[in-house]
Amino acid sequence: MLAAGCASPGGPPKNTDAGQAWSGRLSLRVDSEPVQTFSALFELRGAPQTGELVLTSPIGNTLAQLHWSPGEALLRNGSETRRFDSVDALIEAATGAVIPVGALFGWLAGRDDRVPGWRPDLSQIGAGRLQATRESPQPRADLRIVFERA
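1 is the number of the first residue of the sequence shown in my numbering; add one for each residue after it.
Hints may contain errors.
[Claimed, not checked] Label-pair restraints from in silico Cβ distances:
1. Asp121 - Glu33: 23 to 29 Å
2. Ser79 - Gly117: 33 to 39 Å
3. Gly78 - Arg119: 32 to 38 Å
4. Arg114 - Gln20: 17 to 23 Å
5. Ser79 - Gly128: 32 to 38 Å
6. Arg76 - Ser136: 27 to 33 Å
7. Glu92 - Arg114: 16 to 22 Å
8. Glu148 - Ala89: 25 to 31 Å
9. Glu135 - Arg76: 15 to 21 Å
Calculated from the structure, these hints are not laboratory results. Cβ coordinates follow ideal geometry from the N, Cα and C atoms, glycine included.
When you get a sec, could you build the whole thing from the sequences and use the hints?
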């Protein structure tokens with residue numbers, strides 16, 4: 001698993017066609033055996049159909065660049081590029097759990113987009129905080145994001 005803390009990321013990712021953009025830090029805890037944790041600074045741009053997520057370390061090193069568009073999902077980690085069949089498989093490879101990207105864009109925008117098994121807490125969206133819990137399928141996962149619109 002990749003691990004990181006809190007600091008300013010190295011530079012903005014390449015721009016995508018869509019106008020939504022957020023940056024901040026995220027953490028994910030999966031209650032598996034053993035427990036898995038992941039945290040990083042992030043920049044998210046685009047839309048559920050076409051977008052980019054850049055994950056960086058506390059000192060600004062790029063941990064991974066995720067790019068997706070219809071029919072293509074790429075994970076760039078250093079000099080290695082891996083292709084995936086879907087954005088869900090791409091996110092799982094990068095973070096250790098499937099995170100519903102389509103709903104994530106909605107949640108960050110303050111919409112209570114429903115995803116089976118996930119329970120978002122949007123009560124702190126105005127303060128730039130999001131928490132979402134995956135209760136099924138098991139194992140339970142807890143996603144926490146502190147963000148601002150980029």
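Evaluation of the provided hints:
1. For the pair aspartate 121 and glutamate 33, the beta carbons lie near 26 Å from each other, so the given range of 23 to 29 Å is met.
2. Taking 33 to 39 Å as the suggested C-beta distance range, the pair serine 79 and glycine 117 conforms, at roughly 36 Å.
3. Glycine 78 and arginine 119 have their C-beta atoms about 35 Å apart, which keeps the hinted 32 to 38 Å range intact.
4. Range check, arginine 114 to glutamine 20: Cβ separation about 19 Å, and the 17 to 23 Å hint holds.
5. With their beta carbons about 34 Å apart, serine 79 and glycine 128 fall inside the hinted range of 32 to 38 Å.
6. The given range of 27 to 33 Å is respected by arginine 76 and serine 136, whose C-beta atoms sit roughly 31 Å from each other.
7. A C-beta distance of roughly 20 Å is found between glutamate 92 and arginine 114, which places it inside the suggested range of 16 to 22 Å.
8. For the hinted restraint 25 to 31 Å between glutamate 148 and alanine 89, the CB-CB distance of approximately 29 Å keeps it satisfied.
9. In this structure, glutamate 135 and arginine 76 break the distance hint of 15 to 21 Å, their C-beta atoms being roughly 32 Å apart.
The earlier numbered hint that this structure contradicts is number 9, and it is the only one.
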